[in-house]
Every structure is written in C-alpha cells, then in structure tokens.
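K.L.:
The residues making up each chain are set out below.
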Amino acid sequence: MKTDELINVLGTNLDPVEGGQLRNTFVIALAVGGIAALCLMLAIFGAPADVLGEEYFGLKIVAMAFTLGLVAAGTSFLVRAARPGEPGRTPLIVLALLFFAMLSAGIVALILSRPTAWGGMIFGPQWAACLVCIPLFAIAPFASLIWALRKGAPTNLARTGAIIGLVAGALGAAVFAFHHPGGSIPFIALWYGGPIVLCALAGAILGPRLLRW
Amino acid sequence: MDIRSDEPKLRALMLAGLDGDAAAHKTLLNKLSIHLRAYFKRQLARIGKGPTDAEDLLQETLIALHTRRHTYDRSQLLTPWVYAIARYRLVDYLRRAKGAFEHVPVEEAPDLFADDDATAVDSRLDLHKLMARLAPKTRRAIEMVKLDGLSVSEAAARSGMSESAVKVSVHRGLRALSLLVGTGAAHEDR
Numbered sequence: 709m710k711t712d713e714l715i716n717v718l719g720t721n722l723d724p725v726e727g728g729q730l731r732n733t734f735v736i737a738l739a740v741g742g743i744a745a746l747c748l749m750l751a752i753f754g755a756p757a758d759v760l761g762e763e764y765f766g767l768k769i770v771a772m773a774f775t776l777g778l779v780a781a782g783t784s785f786l787v788r789a790a791r792p793g794e795p796g797r798t799p800l801i802v803l804a805l806l807f808f809a810m811l812s813a814g815i816v817a818l819i820l821s822r823p824t825a826w827g828g829m830i831f832g833p834q835w836a837a838c839l840v841c842i843p844l845f846a847i848a849p850f851a852s853l854i855w856a857l858r859k860g861a862p863t864n865l866a867r868t869g870a871i872i873g874l875v876a877g878a879l880g881a882a883v884f885a886f887h888h889p890g891g892s893i894p895f896i897a898l899w900y901g902g903p904i905v906l907c908a909l910a911g912a913i914l915g916p917r918l919l920r921w
Numbered sequence: 011m012d013i014r015s016d017e018p019k020l021r022a023l024m025l026a027g028l029d030g031d032a033a034a035h036k037t038l039l040n041k042l043s044i045h046l047r048a049y050f051k052r053q054l055a056r057i058g059k060g061p062t063d064a065e066d067l068l069q070e071t072l073i074a075l076h077t078r079r080h081t082y083d084r085s086q087l088l089t090p091w092v093y094a095i096a097r098y099r100l101v102d103y104l105r106r107a108k109g110a111f112e113h114v115p116v117e118e119a120p121d122l123f124a125d126d127d128a129t130a131v132d133s134r135l136d137l138h139k140l141m142a143r144l145a146p147k148t149r150r151a152i153e154m155v156k157l158d159g160l161s162v163s164e165a166a167a168r169s170g171m172s173e174s175a176v177k178v179s180v181h182r183g184l185r186a187l188s189l190l191v192g193t194g195a196a197h198e199d200r
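Residue numbers (the working numbering), protein chains in the order written: chain A, 709 to 921; chain B, 11 to 200.
So here's chain A without its partners, still in its complex pose (with noise of 0.2 Å):
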C-alpha cells in the first residue's frame, strides 16, 4: 500500500475530537475500582463497628492521609503517562517523599517505645490480613486503571505499570484502613507500605504484557 493512500483514508471523514477524555476515563477508572475494592472489603468483613471509632481514630488518620496521598500522586502522574512523552518527576518525587515520611515516623514511634514493646507493635492484630487482602483489593482498580491506560498511548510500560500497581495498591490500603487500620504506626509502615510496594512490582511485571499497543 502507499502511504498516500493510506493518509487519504485516515483523512477521509474525520471525526473532531473532543478534549477530555482522557480525564473523564481515569474518573470512571478511579470511582469504579475504587467502589469496586469497598464491596469487596464490605462483603468480606462486613461494615466497621464504629468507623470512626476512638481507638483507633488517629491510625486512621494516618494510614488514609498515607495511602490517599499515594493514590493522588500516582493518579496524576499516570493522567501525565497516558500522553506519549516525558511525563515529568514531580509526582515520582512525591511518591518517593509520602514513602520517606511514613518509615521515618514508623522508626521514630519505635524509638520512642520500649523495645520489649516492639513486637507487639510490628506484629499487631492483622497484619496477616494486610498482606492477603491489600493486593486483593487492589485488583479491581489494578484492572480499570489499566483499561484506562489502554485507553491513551504510554510509551514507558513497564514504569506505567508499576505505578498503576502502586495507586491501586494503595486504593486496596486504603479500603482496608477503613476496615480496620492497625494497631502503631510502625505497623502501618510495614504492613500497608510493604504489600503497596509489591503491588508496584507486579505492575511492573505485567504492564509490558497489558499496556503493549
């Protein structure tokens, strides 16, 4: 075929294109992984006794302001990565700075405490949980995340995927803290950052495979 040919056919009955779309498709992606990840926490532990509860208000606080945080520095970074070209390291830089804060004050809390204290604080209630159902509930936004990525043109799939698997990672943490969100901060440190970090790199596995186009 020429490729003159081939321009005339492109050519032939454009379709204006609206602005927007892009934007509209990471919405979609975020609100139905993201309810999508709620149901699933929902129907397996049921709805929070006390959702706000005082105990552990302040954990709460913590573990969302983390896992939330990641989720808006990653989602403005893959809105930037769904265009083909440099997307820019600002949010990388913030990822990077979120990840920083939350070790560095799990390592303070642990300072602060007596070290027989330590093992209750990093093993506490349900940190096996964390592990199981953080990367569970990340797969539903995972999987809209990356139909919306499909839906623009990534050129750097691999680093695309790993922080799609970083944000619903977080998504999944941050679903889970609303559950119920550990007992210290070293525990949220651990137990959310961890299997957050896992997520990334199964991203980073998979992107190539799924966003190839």
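To be clear, the hints were calculated from the coordinates, so they are not data collected in a lab. Incorrect hints may appear among the rest.
Straight-line Cα separation of at most 30 Å, DSSO-like style, residue types lysine-lysine; simulated pairs [unchecked claim]:
hint : chain 1 : residue 1 : chain 2 : residue 2
1    : B       : Lys108    : A       : Lys859
2    : B       : Lys177    : A       : Lys859
3    : B       : Lys36     : B       : Lys147
Since the structure of chain A is already known, use the hints to place chain B on it.
P.N.:
Relative to the frame of chain A, chain B by itself:
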C-alpha cells in the same frame, strides 16, 4: 529542515484536525511523513533494513498518530508528542524483529530531519488483508466511510445502522487495525 522549525505550522494543522478539519489532518500526516520517513530510514539503515521496512514502520506510525490523537494535549508542543509515538513504534518494531539486532542504540537520535530521502515506496501493509480480519459490521462501516468516502449519514442509510453506530464502528475498526498492524498480521506475504 528540522521538524522543530515547522512546529508552529504543524501544530496549527493538528489543532485544526482535532476540530474535524480533514484537509488539515491530511496535510499534517503528509508533512509528518516526510520527516518520519527520513528518520525511520536512517534508524533502520543502521541494522541493515531497507526502505520497504521503513515504509512499513512509517505507516504503522501514521495509524498510531491518527488513532491516538486524543492523547495530544492541545496546550503542549506537537513535535515531542509525535517523536514519542515514532520512537515507541520504532522500539516496538525492533523488539518484534529481535534476535537479529538486539543492541540497537535508539537513544541517540532525538532529531527528526527531513533530508532528500523523501521518496515513498510501497509498504508491505495490505489494507485489504487487514480489513478481512475485522468483524463484518466494522469492515462495512470502514469501507463505506473511509474508503468510499460516503458521509456517515449515507453509510447509515445504506447499512441500516444508526449514525452513531456507524461512527462507533469506524472508530473501533481503526483501533483494531492499529492493533493488527502491531502484531504483523497485516503484512503481505514476503
């Protein structure tokens, strides 16, 4: 001439094309072809591939530029967007043809120059073979609207589909074509 010195003109054509100006869109694709053909020829020459391969790659890239044009941010420069897509298609092409040449440095060619090497040759891309792989409804829609140049309402009347169904079919068809191109299913027998 460097593609960047053409940026304002190319970007104006792109914006007009996004608003539905078919002539501007064709002019844009034609102008970009000249730059991209030279770029791909030079890149592929380094691994011993000829003009036909460059033309394959060029056409894949044109389809990608067309079907992904909603990913262009109107507030940004056009050439980096074009270059990112061209480079992605090049890397993908090299990966598909891997084995023979695994260590091809593509990083060091950031500029798209249009030199004298602008002659077009036929690519191996066979549109009709490609079309045969589409669903019948989608194929009819593309044939009528994109090949025969019927308007959407004419195509709708002839096929008994609604106008929006025709539009959706054409859009889906082009997306499907771009995926088929990537798998090499579209190539004529060599």
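K.L.:
Work down the list of hints and note, for each, if the structure agrees.
P.N.:
Here is how each hint holds up against the structure:
As the CA atoms of B:Lys108 and A:Lys859 are separated by approximately 27 Å, the hinted pair is consistent with the 30 Å bound. With a C-alpha separation of about 17 Å, the suggested pairing of B:Lys177 with A:Lys859 holds against the 30 Å cut-off. Distance check on the hinted pair: B:Lys36 and B:Lys147 sit about 26 Å apart at the alpha-carbon level, within 30 Å; holds.
Taken one by one, the earlier hints all hold for this structure without exception.
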